[in-house]
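Between the sequences and the hints, there should be enough to build the whole structure, so can you do that?
Residue numbers (the working numbering), protein chains in the order written: chain A, 18 to 510; chain B, 18 to 510.
Be aware that one or more of the hints could be misleading.
You can't tell identical chains apart in this list, so a pair holds if it fits in one copy or across any two.
[As the list claims (entries may be wrong)] Lysine to any residue pairs mimicking SDA-like chemistry, simulated, CA-CA at most 25 angstroms apart:
id : residue 1 : residue 2
1  : 35        : 483
2  : 35        : 397
3  : 35        : 398
4  : 22        : 324
5  : 35        : 391
Rather than coming from a laboratory, the hints here were simulated on the basis of the structure.
Number of protein chains: 2
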Amino acid sequence: MLPDKSEVVDRACRGAWKAWETLADAGTRAGALEALAAGLEAARDEIIRAASEESALTTAELAPEFARMTGTLRQFALVVRDGSWVGAMIDHAGQAGAFGGVVGPSHDIRRVLVPLGPVAVFGASNFPLAYGACGGDTASALAAGCPVIVKEHPAHPRTGRLIVGTARAALRGAGHSEDLLSLVENEDPRDLAPASALVEHPMVRAVGFTGSQRAGLEIARLARERAEPIPAYCEMGSCNPVVVTREAARARGQEVGGQIAESILLRHGQQCTCPGLLIVPAGCGALVEEVAARLKAAEPRAMLATWVRDGYLHRLAECRKARGVETVVHGREGSGQRQAGTCLLRVRAAEFAAQPVLHEEVFGPSVLVVEVRETAEVGGLPLRGALVGSLYGGAGDDGWDSARNRLASMCGRVVFGGVPTGVRVAGAMVHGGPYPATNRPESTACGPMALARWCRPVCLQNAPREALPRELQDGAWQGTRTIDGSVAPGAYA
Amino acid sequence: MLPDKSEVVDRACRGAWKAWETLADAGTRAGALEALAAGLEAARDEIIRAASEESALTTAELAPEFARMTGTLRQFALVVRDGSWVGAMIDHAGQAGAFGGVVGPSHDIRRVLVPLGPVAVFGASNFPLAYGACGGDTASALAAGCPVIVKEHPAHPRTGRLIVGTARAALRGAGHSEDLLSLVENEDPRDLAPASALVEHPMVRAVGFTGSQRAGLEIARLARERAEPIPAYCEMGSCNPVVVTREAARARGQEVGGQIAESILLRHGQQCTCPGLLIVPAGCGALVEEVAARLKAAEPRAMLATWVRDGYLHRLAECRKARGVETVVHGREGSGQRQAGTCLLRVRAAEFAAQPVLHEEVFGPSVLVVEVRETAEVGGLPLRGALVGSLYGGAGDDGWDSARNRLASMCGRVVFGGVPTGVRVAGAMVHGGPYPATNRPESTACGPMALARWCRPVCLQNAPREALPRELQDGAWQGTRTIDGSVAPGAYA
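Have a look at this one:
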């Protein structure tokens with residue numbers, strides 16, 4: 018008889034809890050991340066093939082994603098070896114420093130980040146590698162010192178099992194506990210039991226989620242309603258606006274339109290950074306025509322899963338029924354069960370503003386053109402929090418300033434003169450954003466700073482040397498900042 | 018006719034929203050903070066007198082608190098003038114840096130913290146100055162560039178009105194908008210309308226709360242259930258453990274007992290950092306006797322409010338009814354309506370572990386002695402997340418190591434050889450901790466890093482110079498770190 022689901026979850030969580038202590042050493046963490054990268058690279062072709070078969074993404078699409086997955090693991094190994102991410106800070110007793118006086122009693126206080134404990138990772142359907150079982154959430158959690166239990170994604174169970182199997186063998190082979198990473202199976206998308214059992218398990222101390230808004234909010238609720246609530250970092254749906262000034266549309270309408278269409282069509286519109294709204298002043302025909310022509314010419318493609326296709330068609334139907342919405346392009350549906358075609362809808366700003374159904378993401382190869390009279394109107398549109406917004410146009414263009422301010426007020430990232438797709442994995446990246454793009458706009462899911470999600474600070478007061486980790490001992494480590502009441506550069510980022 | 022409550026809230030929020038733009042300049046923010054400190058200092062005696070009359074705290078207790086309030090305002094002015102808190106970071110296009118390669122497309126990306134917008138502040142009953150209308154939450158929010166609307170605390174309305182009136186006059190006098198700080202009245206503690214109206218107002222973008230767990234969770238719920246959820250940082254109840262090893266209790270039982278009793282009696286037990294549990298091995302009679310004698314000798318005092326007194330007595334009664342709980346000291350109640358006496362309860366570890374009613378805070382001058390057989394048993398006790406824990410004893414003492422690890426796993430701050438009360442306001446401070454001490458254990462409510470709560474990062478990609486704030490321009494500012502894919506020291510703290 019197969020073990021009960023909650024037994025499987027319990028075993029995985031207990032294993033992770035036990036393996037936790039092995040991650041106390043930074044060198045061990047870095048070594049584990051490098052072993053994972055090397056192990057996965059040795060199975061590269063097999064992993065890409067499985068992911069392609071399950072997701073209907075092409076091997077050409079998956080090859081750079083594979084490189085991003087292993088590149089992220091190796092990047093976090095370097096972050097861990099550097100070690101300064103723990104933000105070690107010392108205020109010696111009695112030192113007033115630049116703040117010109119001690120406020121409160123003058124204790125010796127020392128602060129460092131500590132890992133929260135085992136992390137449950139819910140990967141995305143659309144990036145089976147970079148946001149999969151060994152994707153950014155897993156890499157950042159291990160880097161922070163937290164073992165990971167991955168909830169299998171029903172859209173690509175075979176890929177996930179292959180990755181985790183390969184990863185556990187690589188960990189074992191390098192002398193690590195294989196329980197630093199485990200997988201809880203969940204082949205049936207209607208079966209929510211593994212997800213609840215995992216989020217509710219007392220040994221799980223944080224959750225990373227990438228997916229739909231509905232599922233993300235549910236995961237966040239489960240995490241919050243535990244006897245002991247835990248943080249859940251959810252990256253959810255994002256309706257990303259692209260604004261083009263009249264000047265840019267007139268001068269380079271076809272070129273810009275081509276770029277935007279290409280961005281929409283990448284992975285058949287199944288990227289969290291895909292353009293969702295194209296906001297242009299009336300009379301920018303060439304640009305919109307170029308986008309429309311490219312979308313119309315695109316072949317229907319199989320989507321990530323049947324339920325992804327159904328969701329796409331459902332949302333399109335909702336939007337097309339809205340008042341004042343004109344269907345400019347309605348591409349062929351295709352014959353396969355998972356296939357869907359492109360779509361370009363158009364609406365005037367006033368009708369857009371009045372109908373909330375148009376403000377939410379449509380996950381798939383479609384875009385909604387919102388026609389404004391002037392670019393400055395962007396400031397008044399009811400745009401929702403988004404991962405990323407784009408602005409085409411020059412600083413002198415009509416309304417450029419107000420569009421820029423508007424995008425900065427509601428997006429985690431603002432792209433100038435380019436498309437929103439394409440995420441550089443580096444320190445200055447913000448892959449996050451105001452609700453509903455995420456439930457934690459202070460965080461990023463990409464880049465080294467993603468590991469801050471899995472930690473909390475601890476302050477040790479008047480501690481004897483024996484109670485101090487190396488990072489908090491006087492002069493023991495170059496990465497420690499003795500601040501003594503002064504400003505710690507960038508400490509608050 | 019008096020205006021409707023929600024109209025008052027609406028007017029305050031609109032005023033704050035409009036004043037927001039005046040905070041864009043760092044020099045203006047620092048100037049406003051300094052003007053507030055100077056204005057309050059000019060009204061020092063009047064403010065301390067009002068606070069003493071309302072809170073029943075003595076002027077001797079309130080004098081250092083007043084200094085902490087103005088010291089915090091001035092400290093944040095210095096943090097703002099320094100400016101490095103915005104964590105400006107630049108990754109130039111194509112620079113691989115220490116991470117050994119660009120992962121993802123090689124865009125120029127630049128990151129900086131931006132303020133969330135107007136912040137609603139719910140101050141504490143027990144620190145009418147340092148956590149009041151111009152306390153740490155207000156100071157940190159203004160420093161971050163966020164105007165503040167304070168919800169009046171029904172325990173000290175006159176003090177709050179005096180502070181806000183003084184503050185607004187000081188702002189006006191220094192040429193700032195007085196709407197950077199406003200107050201929403203709420204004299205009746207049963208009237209929850211001002212709180213809801215404030216948290217639900219669309220122009221409020223974050224909430225800072227200090228108070229009871231019940232109220233904090235309710236505020237967090239309101240913040241979460243808005244159409245557009247906002248972050249709520251709630252510092253709530255904390256049952257702070259103090260552990261004494263057998264060796265320390267035997268060698269210095271009377272001295273340590275005296276320190277602990279004094280810590281409990283400060284402000285008549287009405288501090289969030291007050292010892293809640295005293296965990297000692299059996300047979301440490303001298304220590305417990307000293308604490309008991311001091312508590313017994315203490316005079317009854319008026320508490321902060323009648324409902325604070327009622328809450329204290331209610332919780333004491335609950336705990337005294339629990340199985341195996343012995344009442345060692347039950348101090349005189351006193352005659353005044355708000356008066357209450359001290360209490361020392363004792364229970365064995367097994368009975369403590371089995372009864373959750375004993376695991377929560379009793380807000381007032383009482384302590385629960387938990388008798389363990391060995392200090393190492395602390396590792397297995399069901400201690401809840403706390404702001405602070407104390408450990409008396411030496412590194413070689415029996416069970417010291419496991420007690421230290423246990424406290425570090427559940428507290429925001431661990432104090433060695435001292436009492437938990439007394440918070441140094443400096444960079445390395447963590448005044449926060451795991452649930453239920455706070456709902457956001459990654460944050461601190463004290464010290465310069467408290468301002469991180471009121472910000473989120475934004476990334477600007479391939480931005481022209483015109484779109485970059487000074488901090489993100491090449492070579493324009495000394496506080497900016499050009500990281501180019503390398504590790505940014507402490508960037509993840």
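* Homomeric proximity label, residue 22 with residue 324: Cα distance no greater than 25 angstroms -> Within one copy only: 23 angstroms inside a chain, 47 angstroms across chains, cut-off 25 angstroms.
* To do: Check residue 35 against residue 397 for me: Cα-Cα at most 25 angstroms, and say if that holds within a copy, between copies, both or neither.
  => Between. Shortest inter-copy distance 16 angstroms satisfies the 25 angstroms Cα cut-off; intra-copy 53 angstroms does not.
* State whether the alpha carbon distance between residue 35 and residue 391 is at most 25 angstroms within one copy, between copies, both, or neither. => Between copies only: 24 angstroms across chains, 60 angstroms inside a chain, cut-off 25 angstroms.
* State whether the alpha carbon distance between residue 35 and residue 398 is at most 25 angstroms within one copy, between copies, both, or neither. => Close across copies (19 angstroms), not inside one copy (51 angstroms); limit 25 angstroms.
* Tell me, please, which holds for residue 35 and residue 483 at an alpha-carbon limit of 25 angstroms: within, between, both or neither? => within (24 angstroms within a copy, 53 angstroms between copies)
Taken one by one, the earlier hints all hold for this structure without exception.
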